[in-house]
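In order, the protein sequence lines correspond to chains A and B. So the first sequence is residues 106 to 628, counted in this note's numbering. So the second sequence is residues 3 to 193, counted in this note's numbering.
Just so you know, the hints here were simulated from the structure itself, not pulled from any lab data. Beta carbons: idealized from backbone N, C-alpha and C, even for Gly. Please note: incorrect hints may appear among the correct ones.
[Said to hold, decoys possible] Okay, the calculated bits of chain A under chain B, using three or more residues with CB under 8 Å as the criterion:
1) 148–156
2) 165–174
3) 221–231
4) 282–288
5) 337–350
6) 557–566
[Said to hold, decoys possible] Sample of chain B residues at the chain A side, in silico, Cβ under 7 Å:
7) L35
8) Q36
9) V38
10) L134
[What the hints assert, rightly or not] Here are the computed distance ranges between Cβ atoms for each label pair:
11) A185(B) - D540(A): 36 to 42 Å
12) F145(A) - I70(B): 37 to 43 Å
13) A185(B) - R308(A): 29 to 35 Å
14) G90(B) - A214(A): 33 to 39 Å
15) N415(A) - S139(B): 40 to 46 Å
16) N415(A) - D116(B): 53 to 59 Å
17) K271(A) - T32(B): 53 to 59 Å
18) A156(B) - A214(A): 52 to 58 Å
19) G131(A) - N39(B): 39 to 45 Å
20) D502(A) - E49(B): 36 to 42 Å
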Amino acid sequence: MAEYDVIIVGSGASGGMAAHTLTQKGIKCLMLEAGPLPDFEKDIERRNVWDLPYRGFGKPGRLPHVFQANEFNANRWASEKQNPYTHPKDKPFNWVRVRLVGGKSLFWARMSFRLSDYEFKAKDHDGFGENWPINYADLKPYYDRVEPIFRVTGRMEGFPQLPDGKFIEDRSPYSGAATRFKEAAERRNIPVTKIRRSTGDGRLASSLNLLLPDAVATGNLKIVTHAIAREVTTDPNTGLANGVSFVDARSGRDMHAKARVVVLGASCLESTRLLLNSGVANSSGALGHYLCDQFYITRSVHAVVPEAMNGQAPRGLMGGGGYIPRFTNLKPGKPEKNYLRGYALDFATGNTPDAKLFPSYGEQLQKDIEAHRGAGVSFTMMGEALPRYENHVRISDSTVDAWGIPSLHVEASYGENEINMAKDGINTIGEVCEDAGFRVLSKTPKWFPFGYSIHEVGTCRMGDDPKKSVLNKWNQAHDVKNLFVVDGSSFVTAGTQNPTITIMALAMRASDYLSEEMRSGNL
Amino acid sequence: MATIATASALPAGLAAQQTPGRPAGAAASTAPLQLVNIDDAADAQPEFFSPQQFATLTRLSDLLVPKIGELPGALDAGAPAFLDFLIGESPERDQVVYTAGLDALNFAAATRFDNSFADVDESQANELLAALREPWSPEPSTDPLVVFLHRAKADVRTAVVNTQAWAVASAAQGGGGRRRRGAGQYWTTVE
């Protein structure tokens, strides 16, 4: 059987970017994907909600941790039965997984924001945790290359905490309501910009359509589907990785593929699970630790624009939205707030508040809904959860998946810093709404469970010190030099920004380095 | 697309297609088979809630979503029987929200008005639903009755809004905007 230059585990944003970069340098890659190849023509059809067996509620208990699932899309998420994991009862964790070629990049919200040195050098700024082993200047050239592939739209603003990118300029005007909010926010030195979003081919901005086709076209990439990775195998004499063992999900057959280098891009927690199950790359003891994400509060504040009530909104008043980058604790020195770091929000105007917000039922509720239809402004808050050692994953003592591979136990919760941040966030945004002449309907500091944002990062973090980190600044394992981890598990901090564009920039940078090391004979 | 109704509904449809006495040699109809939505063809058989709980749920559903003009109400939509099925299929913690809540509501009616909730008059019923007229709070209540009432308010509404009858009536009123209400992209089983 052929020996490959590189085995890549995972076909999503990170694995796809590794394949895209490596194959163009002439490196022969084998990609292992746990799921099948989706077919958007065959796998999707239009249906009416009343023709679904559960009337749109979905089959009860089928995907208890996937709040994004509904009866229309339930089949696209990884089965929780086949892929179980555990968590303490009082520490719920939502692990949302997609097992398809393209991974979660098939369904992401496509928000594409760069990190800044407020993240990369966070410890220098406020003393908490660790710095990343890279700075913004190290990653900037790769953001510059990733954004044109994904066709990111946005506005150039010059915000130091949210660096501009290679955008397709977003010239769309703000609606009247969005303008009122923006002006009220700016009077308090709170910046507002347009959402920065990957548009891809207009329909899809995924590894499936933007990365993998080019990689396959080089002739240097083979993709195996239904391949459930079990372990990274190592040479007992050298300790170096020599391949990956996996299970064919369809037959249950045990398989093994050999390569000079192994690259993991299986998603944050799957890559870490694979390393833990392989018993490699953990001389630091940091593997599995420092799990973080952004706590998400969708509709953290819901307000109403009075002039838009009862269907009276003049043309151009409602519609569209915007993005508020982190604005707290940016000055050096003692934090100005009773918490470290900060939060970002995105907002939308022109929606209808949820029925639960009205103190009514029956005919009055229907009147309330009609009166508020299209008059709502809602804010989703995305707060940085601090990376803490105790927020961790480990191999479960007793639970295995459908292929007998030990599952993860996840133990993570938010703390005082996140609680204080959430309270400050809803109060601040509520005040800005009032300044803008909106009526605040609800403010909630209650987040969804850890993991809900699907922005879990950390657990296999980078660092210069091999005693405190798993990977070096090239996403290369300190302990196993021909093993790379290029997904979100490598993050040192979560920041407030959606992570995917940074994951892809890191994967491209690591792959550039890897190909150079292979060319020069170091690997 | 229509749903294939289960056996209880099919014979009538098939019988109509197979009219006896067709003259020999006459061409069979080539019209596509029109299938019927299961809820339009047959009644669901409630089996989870006790008769008293079901009577309480039926009365409550009617109060939460009454028929308003052309918009169907919870009883038109068969919401109580549908929820009997849905909750019967649900994890135990969801079942307890309903059973404890329905029992508490009935108990409150008996204590306050010496009657079952199904049989109290309208002003008495509304008095028992006072919690739903309180301003919304992000703090979840610790009272099982209040937790249940908020849950039922959401569930009954969804069970009504997601029917074809609601979609048709709502579209006739210009509700739901340009997007056709109730249709979506369904992911079939991925291998």
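Which hints, by number, does the structure contradict? 3, 4, 5, 6, 7, 8, 9, 13, 15, 16, 18, 19
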